[in-house]
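Please arrange chain B on chain A, whose structure you already have, making use of the hints.
These protein sequence lines map, in sequence, to chains A and B.
Each number in my numbering comes from the position in the first sequence (counting from 1) with 24 added on.
Each number in my numbering comes from the position in the second sequence (counting from 1) with 8 added on.
I should point out that these hints are in silico values taken from the structure, not numbers from a laboratory.
Any given hint could be a false lead.
Short derived list, chain A residues pointing at chain B, Cβ under 7 Å [unchecked claim]: (1) 44; (2) 63; (3) 64; (4) 73; (5) 114; (6) 144; (7) 146.
Examples of chain B residues toward chain A, derived with CB under 8 Å [unchecked claim]: (8) 23; (9) 25; (10) 27; (11) 73; (12) 77; (13) 81; (14) 85; (15) 97.
Every residue, glycine too, gets a C-beta built ideally from N, C-alpha and C.
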Amino acid sequence: MRARIAWKTILIFVLVVAVFLILNLTSFDKEIKNFFYSLSSPIQKTFWQTGDNISDFFSGIFRAQDLKKETEVLRSQNLGLYNQIVFLKELEKENETLRDALNIGLAEKFKLILTQVLSKDISTDSILINKGSKDGILESFPVVTSEKVLLGRIGQVFDNFSEVILITNKESSFDAKISEKDISGVIKGKGHLSADLTLLPKGAEVLIEDLVLTTALGGIFPDGILVGKVKEIKKSDIDPFQTAIIELRFSWTYLEDLFIITEF
Amino acid sequence: MVRKIISLVIGFYILVLLQTSFFVHFEALGIVPNFILIALILINLLERPERKLGIAAGFLGGLFLDIFSINSGFFFGFYTLASLLISLFIKYILKKYVKIPAI
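If we strip away everything but chain A, and leave its shape as in the complex, we get (with noise of 0.2 Å):
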């Protein structure tokens, strides 16, 4: 009798196998996940709003002796940038006055779609967004947030939605360099909402605040696209290379509509 039953289990654990094995082999798991995904994305969307209002409540109250500090910092920033904006617009005339002596037109810089986030992966650092195939999204399109600030680039595709891989994805590398400064490396997803910008020359003078912008090499993100700014350089004497950790300029909070680049 007991037996008949480890048998039985047996049996039905290889007809599972078999089952997900057809499964994978057909592709027909994205029909399933696509079929789920429609099913729950109004759900999704509640849950993501609800709970992005609620840790907004809760971070405020938390964050409180860091928002104050925050705050005065900003404070003194926006002071700075007042005189910045002041020589920037007069720099704008200028190039306005130059376009129209060259009759150069003002084409956008990029072609973008509009999309919002439903969902989080379990155990890496993807998100669901519900932009798929039938929207014209295919594989490797860049994504950054509505700061123009660089989330990632489209994984998987579905009919009605799409995988984004975050740059902090451990699958995530891609070329970048320092503003303003003749200095590239590489930056290397971490997990867990983290990222290091990698191979940076030894000699190479990066400061803490540097903001890290995208380059074109590669051609999977247009050039210049905010990454985020160094917090912390590493170097080693035995390494060749140093490592910049990188705060990145986007978080949970304020992830809701996103822009797919679909042509830059």
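Then chain B, alone, in the frame of chain A:
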């Protein structure tokens, strides 16, 4: 039994949606606990070893994890097989080595 399985399906479905869309906003150090895994372990631990609901929970919980993990890096079905094995392992240990005194 059928009623219990239907409740499991509904329960796990709501749990996986909460896990992927709600609890991600409250992660600590970039980690969100896997509530499905916790639930199926608890079901298997609290149920009598000869009952089969824990195995059904293992299968269903794993299946939902497979469907709602966008890119886990594993093949589709990995979580289902892993959860099933976990459920069977707990059942085996409880049956073989744990004696619960009759009240």
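Status of the hints after comparison with the structure:
no.: 1; hint: 44; result: holds (3 Å)
no.: 2; hint: 63; result: violated (9 Å)
no.: 3; hint: 64; result: holds (6 Å)
no.: 4; hint: 73; result: violated (9 Å)
no.: 5; hint: 114; result: violated (43 Å)
no.: 6; hint: 144; result: holds (4 Å)
no.: 7; hint: 146; result: holds (5 Å)
no.: 8; hint: 23; result: violated (11 Å)
no.: 9; hint: 25; result: holds (6 Å)
no.: 10; hint: 27; result: holds (6 Å)
no.: 11; hint: 73; result: holds (7 Å)
no.: 12; hint: 77; result: holds (5 Å)
no.: 13; hint: 81; result: holds (6 Å)
no.: 14; hint: 85; result: holds (3 Å)
no.: 15; hint: 97; result: violated (12 Å)
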